Structure formats: structure tokens, C-alpha cells
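Q: Chains A and B are the protein sequences, given in the same order.
The numbering of the first sequence is the numbering used here, which starts it at 62 and goes up by one.
The numbering of the second sequence is the numbering used here, which starts it at 62 and goes up by one.
No lab work stands behind these hints, which were simulated from the structure alone.
Source: prediction; values computed, not measured.
Idealized CB from N, CA, C, for every residue including glycine.
Don't take each hint at face value.
[Stated by the list, open to error] Rough simulated footprint, nothing fancy, chain A against chain B, three-plus residues with beta-carbon under 8 Å:
1) 342–356
2) 459–471
3) 495–504
4) 508–521
Protein chains: 2
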Amino acid sequence: MMITGELLIGNEVRRGPNGEFWGVEATTGKRLEPSFGGASLRDLDQACALADTAFDTYRATSLEDRAVFLEKTAQNILLLGDELIDRCVAETGLLRGRVEGERARTIGQLRLFASVLRDGSFLDVRINKALPDRTPLPRPDIRLSNIGIGPVGVFGASNFPLAFSVAGGDTASALAAGCPVIVKAHSAHPGTSELVGRAVQAAVRECGMPNGTFSLIFDSTRAISQALVADLRIKAIGFTGSRGAGTAFMQIAGNRPEPIPVYAEMSSVNPVILLPNALSARGAEIGKQLVSALTLGAGQFCTNPGLILVIDGDGYQDFMKAAAASLSEAAAATMLTPSIHKSYCAGVDQLAAHAAVKTIARSLSGGEHQAQAGLFETTADAFLEDKELQKEVFGASTLIVQCKDQEALRAVLQHLEGQLTISLHINGADYEFARRLIPLLERKAGRLIVNGFGTGVEVCHAMVHGGPFPATSDMRTTSVGSLAISRFLRPISYQAFPAELLSPAVSDKNDWNVPQLFDPS
Amino acid sequence: MMITGELLIGNEVRRGPNGEFWGVEATTGKRLEPSFGGASLRDLDQACALADTAFDTYRATSLEDRAVFLEKTAQNILLLGDELIDRCVAETGLLRGRVEGERARTIGQLRLFASVLRDGSFLDVRINKALPDRTPLPRPDIRLSNIGIGPVGVFGASNFPLAFSVAGGDTASALAAGCPVIVKAHSAHPGTSELVGRAVQAAVRECGMPNGTFSLIFDSTRAISQALVADLRIKAIGFTGSRGAGTAFMQIAGNRPEPIPVYAEMSSVNPVILLPNALSARGAEIGKQLVSALTLGAGQFCTNPGLILVIDGDGYQDFMKAAAASLSEAAAATMLTPSIHKSYCAGVDQLAAHAAVKTIARSLSGGEHQAQAGLFETTADAFLEDKELQKEVFGASTLIVQCKDQEALRAVLQHLEGQLTISLHINGADYEFARRLIPLLERKAGRLIVNGFGTGVEVCHAMVHGGPFPATSDMRTTSVGSLAISRFLRPISYQAFPAELLSPAVSDKNDWNVPQLFDPS
Numbered sequence: 062m063m064i065t066g067e068l069l070i071g072n073e074v075r076r077g078p079n080g081e082f083w084g085v086e087a088t089t090g091k092r093l094e095p096s097f098g099g100a101s102l103r104d105l106d107q108a109c110a111l112a113d114t115a116f117d118t119y120r121a122t123s124l125e126d127r128a129v130f131l132e133k134t135a136q137n138i139l140l141l142g143d144e145l146i147d148r149c150v151a152e153t154g155l156l157r158g159r160v161e162g163e164r165a166r167t168i169g170q171l172r173l174f175a176s177v178l179r180d181g182s183f184l185d186v187r188i189n190k191a192l193p194d195r196t197p198l199p200r201p202d203i204r205l206s207n208i209g210i211g212p213v214g215v216f217g218a219s220n221f222p223l224a225f226s227v228a229g230g231d232t233a234s235a236l237a238a239g240c241p242v243i244v245k246a247h248s249a250h251p252g253t254s255e256l257v258g259r260a261v262q263a264a265v266r267e268c269g270m271p272n273g274t275f276s277l278i279f280d281s282t283r284a285i286s287q288a289l290v291a292d293l294r295i296k297a298i299g300f301t302g303s304r305g306a307g308t309a310f311m312q313i314a315g316n317r318p319e320p321i322p323v324y325a326e327m328s329s330v331n332p333v334i335l336l337p338n339a340l341s342a343r344g345a346e347i348g349k350q351l352v353s354a355l356t357l358g359a360g361q362f363c364t365n366p367g368l369i370l371v372i373d374g375d376g377y378q379d380f381m382k383a384a385a386a387s388l389s390e391a392a393a394a395t396m397l398t399p400s401i402h403k404s405y406c407a408g409v410d411q412l413a414a415h416a417a418v419k420t421i422a423r424s425l426s427g428g429e430h431q432a433q434a435g436l437f438e439t440t441a442d443a444f445l446e447d448k449e450l451q452k453e454v455f456g457a458s459t460l461i462v463q464c465k466d467q468e469a470l471r472a473v474l475q476h477l478e479g480q481l482t483i484s485l486h487i488n489g490a491d492y493e494f495a496r497r498l499i500p501l502l503e504r505k506a507g508r509l510i511v512n513g514f515g516t517g518v519e520v521c522h523a524m525v526h527g528g529p530f531p532a533t534s535d536m537r538t539t540s541v542g543s544l545a546i547s548r549f550l551r552p553i554s555y556q557a558f559p560a561e562l563l564s565p566a567v568s569d570k571n572d573w574n575v576p577q578l579f580d581p582s
Numbered sequence: 062m063m064i065t066g067e068l069l070i071g072n073e074v075r076r077g078p079n080g081e082f083w084g085v086e087a088t089t090g091k092r093l094e095p096s097f098g099g100a101s102l103r104d105l106d107q108a109c110a111l112a113d114t115a116f117d118t119y120r121a122t123s124l125e126d127r128a129v130f131l132e133k134t135a136q137n138i139l140l141l142g143d144e145l146i147d148r149c150v151a152e153t154g155l156l157r158g159r160v161e162g163e164r165a166r167t168i169g170q171l172r173l174f175a176s177v178l179r180d181g182s183f184l185d186v187r188i189n190k191a192l193p194d195r196t197p198l199p200r201p202d203i204r205l206s207n208i209g210i211g212p213v214g215v216f217g218a219s220n221f222p223l224a225f226s227v228a229g230g231d232t233a234s235a236l237a238a239g240c241p242v243i244v245k246a247h248s249a250h251p252g253t254s255e256l257v258g259r260a261v262q263a264a265v266r267e268c269g270m271p272n273g274t275f276s277l278i279f280d281s282t283r284a285i286s287q288a289l290v291a292d293l294r295i296k297a298i299g300f301t302g303s304r305g306a307g308t309a310f311m312q313i314a315g316n317r318p319e320p321i322p323v324y325a326e327m328s329s330v331n332p333v334i335l336l337p338n339a340l341s342a343r344g345a346e347i348g349k350q351l352v353s354a355l356t357l358g359a360g361q362f363c364t365n366p367g368l369i370l371v372i373d374g375d376g377y378q379d380f381m382k383a384a385a386a387s388l389s390e391a392a393a394a395t396m397l398t399p400s401i402h403k404s405y406c407a408g409v410d411q412l413a414a415h416a417a418v419k420t421i422a423r424s425l426s427g428g429e430h431q432a433q434a435g436l437f438e439t440t441a442d443a444f445l446e447d448k449e450l451q452k453e454v455f456g457a458s459t460l461i462v463q464c465k466d467q468e469a470l471r472a473v474l475q476h477l478e479g480q481l482t483i484s485l486h487i488n489g490a491d492y493e494f495a496r497r498l499i500p501l502l503e504r505k506a507g508r509l510i511v512n513g514f515g516t517g518v519e520v521c522h523a524m525v526h527g528g529p530f531p532a533t534s535d536m537r538t539t540s541v542g543s544l545a546i547s548r549f550l551r552p553i554s555y556q557a558f559p560a561e562l563l564s565p566a567v568s569d570k571n572d573w574n575v576p577q578l579f580d581p582s
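Construct all of the structure, not just a fragment, from the sequences and the given hints.
A: Below, the structure written as C-alpha cells:
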């Protein structure tokens with residue numbers, strides 16, 4: 062398939078007239094052809110109008126038809142073959158194996174939501190049958206089902222060019238929920254975005270889904286992105302990116318005449334807590350494991366371990382020595398874009414220059430666009446004094462906070478902002494202390510992990526990839542796993558409807574064969 | 062039980078030092094003793110501190126213990142007997158039968174959430190067991206459960222002094238979710254609020270729930286209310302009231318360092334659509350039914366029918382004549398407070414003075430604090446031209462919009478803001494047109510009703526009392542029915558936890574006997 066640099070507005074393909082930009086080869090910083098044209102407000106307006114019109118038709122499709130559409134999308138992405146992998150590797154600097162794994166995950170997500178559709182329990186159908194003889198008042202027949210919230214704007218993430226981009230988790234869950242999607246491609250991987258976008262566009266056509274079910278736009282400025290969030294036909298936003306952009310979108314969405322939910326995944330340092338008995342028993346081993354988790358994918362995961370909380374004691378020196386040794390031997394790694402690399406260097410330099418922070422180790426140096434991982438150390442007192450030390454440095458940088466006792470550790474935890482994950486490294490003898498910590502950890506994160514790290518986010522029913530602000534803008538939700546579909550649903554009641562007017566999901570015939578909760582009381 | 066005018070801060074009782082106000086007898090406008098003291102910022106701070114501390118202990122209580130606590134609360138309210146009913150009737154001007162009915166509903170809600178707790182499915186427990194042999198990577202054990210979101214601030218509603226006030230739907234669902242509650246009593250019924258508050262406070266003590274599980278404050282200004290929404294220990298807000306206050310709270314909540322959800326139920330005119338065949342067959346009957354629904358409880362329901370959309374044709378004159386005749390004979394009714402009465406009169410006067418609005422009928426006139434219901438008529442063109450005509454007039458006022466054809470009706474519907482309910486009056490011959498309208502109605506409201514009115518909100522599993530903005534601030538939720546609990550929950554994942562550290566809900570032993578979804582794949 063040819064990459065043309067065009068917008069996909071519903072079933073149409075057209076050149077965006079609003080500026081021009083190129084994808085960039087991550088390892089060299091060189092332009093990749095062709096150029097991409099940014100969308101105009103007219104293009105956006107048309108995409109929104111199509112999505113708005115498509116909404117009623119699209120959400121009325123059967124669960125089976127929508128499942129087949131998601132599966133077709135998955136298949137079309139696979140059919141792109143090496144062209145997709147090659148372009149994605151070039152644009153992102155990610156290793157080929159990682160990109161292939163991410164493709165598998167993307168396909169898996171689309172198929173997971175196909176199975177969620179066939180299962181039907183996400184509709185949460187509840188039926189209270191009429192009680193005409195009830196006193197003092199009869200009860201009418203009342204039936205509840207979830208329906209799609211409306212057209213959704215999705216912003217592709219820089220760090221997951223496939224799994225959280227054009228046909229990634231946000232798009233898959235919104236489409237499954239019955240919501241048309243307009244994706245704003247991340248400018249870090251426009252070619253990858255177009256290829257995947259064309260795969261979705263083809264699936265829309267092949268499955269006979271309405272024109273406007275999917276659009277893909279490019280934006281060379283921020284104006285079109287902001288206009289997408291502000292457009293009254295858009296009813297929810299899915300976003301993964303910086304805290305600055307995420308909170309700006311929250312503001313725009315909150316100030317609309319009709320405010321809408323923004324699901325922004327923004328910032329997390331994913332604290333790792335090392336408790337005394339685990340540290341004493343296997344400090345060196347944990348040090349090595351930490352460096353593996355830290356440097357995975359150049360540290361460019363939302364769940365990268367950026368903060369280590371340790372109570373000083375037996376094993377602390379073993380842990381530090383092993384981590385430092387391991388990191389010193391690690392290779393430098395190409396980052397996703399030159400600007401992400403620049404931000405990383407600035408963040409690391411700031412840490413290194415901080416009066417209360419000691420540089421423990423750096424990985425090997427590399428080429429112009431490659432980042433040296435960093436291991437830093439500070440004290441609980443210093444950490445509590447300077448809120449800046451809590452900020453995420455996106456990439457393979459981690460700050461070890463040395464706490465003199467349990468009380469200091471607890472104070473640091475209290476002080477933390479919301480997180481996606483918190484990990485605990487413990488042995489049996491640490492359980493009692495861990496048990497007392499867990500209620501606090503539950504308040505601070507969406508996922509708690511024992512003897513592991515947050516990296517490697519399993520796509521399954523029990524996954525929560527979310528957490529208190531600023532980890533995400535809405536801690537009631539997850540962006541990974543089957544529960545992600547609930548972000549794009551709202552419940553609606555039908556009271557005293559004749560059978561002829563009920564949708565299949567809530568009808569007695571139950572042609573879609575969905576779980577229906579009957580309450581005779 | 063004696064009404065003292067004091068604040069209930071956790072298990073304590075104390076006089077608020079911040080100003081003084083009185084309950085008012087609705088029928089006479091006279092002060093009711095004693096006076097109530099407004100809370101200071103210090104009182105609020107203490108209530109928040111207690112709630113924050115209570116949270117971890119309270120949410121760790123077993124589902125059975127929490128169910129018993131809700132049932133005890135219900136029982137304590139019943140034990141208040143006639144004292145509660147008398148005071149409530151005096152403060153609100155509502156008829157005795159209505160107040161007794163509302164007490165039954167309040168008790169019923171508390172018991173419903175006790176049953177929701179015993180059922181346990183609200184926890185949405187999902188278990189993905191470890192797959193150690195999976196390739197290329199093993200899967201760790203991952204378990205998901207909902208947990209309480211944190212301490213909740215609840216604002217009592219003026220129009221439901223029991224069912225949406227101190228121990229009403231918001232409080233019951235938040236307490237069920239495991240969240241401590243701080244209620245700001247509505248100043249329209251402070252004595253009723255204190256009586257019920259003392260019943261809750263006693264239940265906390267009797268059931269051994271932690272100090273701070275519940276507090277009740279009075280606010281004679283707006284400062285304490287705003288401070289409650291802004292307090293960082295509060296994690297969600299439940300509110301029923303005006304659009305002005307609701308949107309102000311949304312702004313405060315959105316501008317906190319950590320934004321929180323506000324569940325505000327604000328404004329709805331609950332359109333009633335009369336389709337041609339129903340109108341022709343039973344126009345006069347619908348006219349009479351409309352007046353009954355309109356004047357119920359002096360029209361002071363969130364779901365009061367404030368807008369009637371009719372296609373001119375056979376039966377329209379019958380409908381109008383019957384409605385006018387019926388309303389002309391209706392008695393004037395005491396409104397909840399003098400200021401609500403004043404707002405109602407201003408709203409009705411504005412409608413009556415509008416150049417494009419015709420006054421069709423008014424009910425009988427009454428005493429100083431009594432409202433005359435009003436029936437007004439305008440055209441679709443005039444309605445579309447002036448957004449003011451869409452505004453809710455809280456009370457028994459309704460505007461009939463005459464549409465010349467189906468197209469005009471559809472244009473009016475498109476133009477509408479979000480609603481709690483939309484009702485359709487139809488006969489079999491109207492089904493085809495109704496079927497085409499329903500997708501549009503679904504976008505506009507949280508509950509659709511056939512051949513009835515929105516009044517009479519059934520408390521059951523299938524109820525949605527919610528809807529798009531400005532009906533509510535969050536159309537993904539309901540404030541009535543068992544699903545209301547989900548507003549105060551968030552999901553959390555536990556990865557690779559040893560059995561010793563898992564909470565009962567997600568453990569294999571499943572001591573709480575909750576539904577657990579296992580996924581072996």
C-alpha cells in the first residue's frame with residue numbers, strides 16, 4: 062500500500078491543505094517521504110458531520126456485525142505485512158521485535174473487543190417487568206441498556222505507534238461501544254498512522270459500516286486538535302500523552318456548552334517499594350531486575366519505574382551496587398523522536414544538577430539520538446521538600462529515594478500524586494507491614510504489583526490501566542483491557558415500551574442473546 | 062428527639078459558630094424554632110479529616126456489616142415516627158401523604174443498597190489466573206475489584222427533603238460503595254435534616270462504624286459549600302439543585318489540583334411528545350393526564366413535564382380544551398420555600414409576557430405562598446428562535462409547542478438540550494414514526510417513556526435518572542436505582558498478590574461469596 066500523506070475523511074481520501082510535515086527516521090533524524098498535509102477546519106467539520114450522521118446507523122448494527130468489523134480491521138492490519146513494520150521501525154526507532162509484538166497486541170485488542178461484543182454483558186441489560194397489581198402504585202415495565210456515548214475523538218500516543226494509536230485500545234473500545242471515531246494521528250509516526258488508517262477505512266467499506274464510522278486527520282499545529290475537543294458533535298476524548306496537553310484538553314472539554322469526558326492518560330512515575338526482608342534476601346537480584354525493567358524500550362513506557370522507595374538497611378548496598386553495575390553496561394537506546402530525546406536529556410540533566418541528588422550510574426553513551434539511561438539517588442527529606450523531584454522524566458531515568466525508616470517511607474507515599482502502578486517487593490516477613498501499606502497504595506494507584514514491575518500491561522479482563530490524577534484524568538476507568546469499553550457507554554432506560562419499539566438487547570426475544578438481568582421483585 | 066440546630070461532626074454534636082438561620086413554615090413563611098448555626102471552616106476541616114481517616118477502616122468492613130449499617134439507618138429513621146413527618150410537612154409544605162411516601166422511598170433505597178451489598182456484583186470482580194507456561198511471555202495472576210472512590214460530599218435537595226437529602230439516594234449509594242459522607246443540609250429543611258442526621262449518626266455508633274463515616278453540616282452562606290467541593294480529601298460530589306449552583310461546583314471541582322467527579326442533577330423540562338394517532342384517538346384524555354402529572358406535588362419534581370410537543374391536527378383542540386378545563390379547576394399549591402415560590406412566579410410571568418407565548422389556562426389562585434399552575438402555548442418557530450423558552454421554570458408550568466408537521470417536531474427536538482426524561486404518547490399507527498424518532502430521543506435523555514410521564518421515578522435496577530447536560534453533569538450515571546452505586550466506585554487491579562494480602566472480594570476463598578468472573582483464556 063502506498064503512503065500518500067493524505068487525510069482519511071470517512072470513505073474519502075484527500076490532501077490536507079493546512080501546512081506540511083514529514084515523518085522522521087528516528088535513528089538519523091532524516092525526513093521520510095512523503096510529506097503529510099495538515100487538516101483544515103473544513104476537513105475537521107466534515108469528519109465530525111459524517112461521524113455524527115453515522116452514529117445512529119453504526120450503533121444500531123448488531124453486536125455480531127460490529128465484532129466482524131473489528132476482526133476485519135485486525136486482519137487488514139496484518140495484511141499490511143512488513144510494509145507496516147518497516148515504516149514503524151523507521152519512524153519510532155523501536156526494535157523490530159518490539160514493533161511486531163505491539164502489532165500482535167493491537168490485533169489481540171481488536172479481537173478481545175470482538176469477543177466482548179459477542180458476550181454482550183457490557184450492555185448491562187436489566188429488566189424490571191411491570192407489576193400492575195402492586196399497591197399503592199403499580200410498577201411500569203422498565204428496561205435498561207448501555208448505549209454508545211456518541212462520536213469519540215482519539216489522539217494517538219507517541220510511545221505506542223500501533224497499540225495506542227490509530228487502531229489502538231481507545232479506537233477499538235470506542236468502536237466496540239458503538240461510537241464512530243475520529244483519530245488525530247501523532248506526528249511522530251504519520252506513515253504508520255496512514256497505513257493503519259487505510260486498513261480501518263477498508264474494513265468500514267468491506268463490512269458495509271456507514272461512511273463516517275472512522276476518519277483519520279493530521280494536524281501540523283495544535284489548532285485542529287483543540288477544535289476536535291471543542292466540537293459539539295464529539296462526546297468523549299481518548300488521549301495518551303503529556304500532562305500539559307492532557308490538562309489543556311480537560312479545560313477545553315469542561316468549558317464547552319456541553320462538557321464531555323476526557324480520558325487522558327498523562328503522567329506516572331510508578332513507584333517501586335523495596336521492603337526490608339526482600340531487600341536483605343535479594344537486593345542484588347532486585348537491582349538487576351530494576352535495570353531490565355527501566356531500560357526496556359528505552360524506558361518509554363507509561364509504566365516505566367521512575368521512582369524507587371527503599372528503607373535503608375541490610376541489602377541496600379547490594380541493591381545499589383548491582384543496579385549501578387548493570388546500568389553501566391546497558392547500551393544507549395534510540396528514542397522515539399528528537400524532541401522526546403531532547404526533553405529526556407533536559408530532565409536528566411536537571412536531576413543530575415540537583416543539589417540533593419546524587420548520580421549513581423549512567424548507561425553507555427551512544428549516537429546523537431540515543432539516550433543514556435540514568436540512576437539517581439536522593440533522601441526522603443529532600444524528596445519531600447521539592448515537588449519537582451516527583452515529576453516524570455519520560456525515558457529510562459529513575460530516582461531512588463532512601464528512607465531512614467517505615468515512617469519516612471509512609472510520609473513519601475502520602476506525598477505522592479496519583480500513579481498508574483505501584484510495585485511492592487516483599488518476602489513473607491514483610492507481609493505484615495505490606496498489609497498496613499496497601500490501603501494507602503490503593504488510594505494512590507490503579508494497579509498494585511507484588512515482586513514485579515508495572516511494565517508489561519496485560520490486555521485482559523482484570524487489567525486496570527488507570528489511576529488517580531495526574532496518572533489519568535478519570536480514575537473511574539481503564540484504557541487497557543475489556544473494561545475500557547465502559548468509558549464510551551451510558552445507560553438509558555425504556556419505560557413501558559411496546560415490544561415493537563424495543564431494541565434487540567432489551568427485548569424479551571433477545572435475538573442478540575445477551576445476558577439480561579431480570580428482577581421479579 | 063430534640064432538634065437543637067447543631068452540627069454533627071462525626072460522632073460529635075456541636076453548635077456551628079458561623080451565622081444563624083431558621084427553618085421556615087412553608088404555608089405561613091414563619092420561623093420555626095430552634096435556630097441553626099452555620100459551620101465554620103474549622104468544623105468543615107474536622108469533618109473532612111475524620112472522613113479521610115475513617116475511609117480505610119470503613120471500606121474494609123464486610124459487605125454484610127455495611128448492609129446491616131444501612132438497614133439500621135433505615136430503622137432509626139422509621140423510629141423518628143411522626144416527629145419527622147410533622148417537621149418535614151411544616152418545613153416543606155408538602156402533603157402529609159407525600160412525605161410519608163417519601164419516607165417509605167428513603168427507607169426502601171437504604172434497603173435496596175443493603176441488598177446490592179449482599180449481592181456483591183457491583184464489585185465487578187474479575188480474575189485472570191496466572192499462565193506460567195504461556196509463550197512468548199507468562200501471564201501473572203491479575204485480579205480486579207471496584208473499591209470506594211473516597212469521602213463524598215453530598216448536597217441535600219430542596220424538593221426531596223428525605224429521599225434526596227441527608228440519608229437519600231446519594232448518601233445511601235456512597236455509603237454502600239464504602240465512602241464516608243459529609244452532607245451539607247439544604248437550608249429549606251434544616252430540622253428534617255438534623256433529625257435524619259441524628260438517625261444516621263446513631264446507626265454509625267450502634268454498628269461500630271468508624272467515627273467520621275458520616276457528618277452533617279449547615280451552611281448559612283455559600284462559602285462552606287464551596288470549601289467542601291474544594292477540599293482535597295473529598296473525592297466526589299453528589300448534588301441536586303439549580304443549574305447555576307451545579308455548574309459552579311463543576312468549575313470548582315475541575316480547577317482543583319486533583320479534579321474530581323461532580324454528579325449534579327440540575328435542569329430538565331422533560332419533553333412530552335404527542336404523536337398524531339394518539340392525539341386523535343385520545344386527545345382529551347391525554348390533556349387531563351397531563352394536568353395531573355403537571356400539578357403533582359406543586360410541580361416540584363425534577364421530572365415534571367415542562368414542555369409538550371404536538372403536531373397540529375385531529376385531537377389537538379380536544380387536548381387543549383381538556384387540559385385547560387382541568388387546569389382551571391386545579392387548586393393552588395404551597396411551594397417548598399418562599400424563594401422557590403418567588404422564582405416560579407417570575408418564570409411564569411416572563412412566559413406570560415412573552416410576545417410569542419399565549420396563556421391558555423391558570424389554576425385557581427391561593428394564599429401568599431401558593432403557586433398557580435400555568436399552561437402556555439407557542440409555535441415551533443418561536444421556540445426555535447428564543448433559547449430562553451427552553452429554560453426550566455421549576456414548578457407547575459408547562460409550555461405547549463405547536464409544530465405544523467413532523468419536520469418541525471424533529472427540528473424542535475434537535476434544538477433541545479439534554480433531558481432527564483422524554484415521553485412519547487403513541488398509538489400503534491404512530492409506531493413507524495416513533496421508531497424513527499427514538500435514536501434522536503436516546504441522544505437527548507436518560508429515560509424514554511411510552512404513554513406516561515416522567516414523574517414517579519421507580520427505585521429499581523433498571524432505572525436511569527440521569528441524562529445529557531444540563532439535565533446532569535455526567536450522563537454516564539444515574540442517581541436513582543441500584544446502578545447509582547457505580548458513581549462512587551473505581552476499579553483497581555492486584556497483580557501477582559500472595560493469597561495472604563488479597564482482600565476477601567478477590568481471594569480464591571471468597572468469604573464474602575461475591576460473583577467472581579474467572580477467565581481461563
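Q: For each hint, tell me whether it holds in the structure or not.
A: Structure-based check of each hint:
Interface restraint, the segment 342–356 of chain B with chain A: violated (0 residues with C-beta to C-beta distance below 8 Å; minimum three). Figure legend: the segment 459–471 of chain B, annotated as covered by chain A; annotation inconsistent (0 residues with Cβ-Cβ distances under 8 Å, at least 3 required). Only residues whose C-beta sits within less than 8 Å of a C-beta in chain A count toward coverage, and the segment 495–504 of chain B has 7 of them, enough to reach three; the restraint holds. Requiring three or more residues with a Cβ within less than 8 Å of a Cβ of chain A, the coverage given for the segment 508–521 of chain B holds, as 9 such residues are present.
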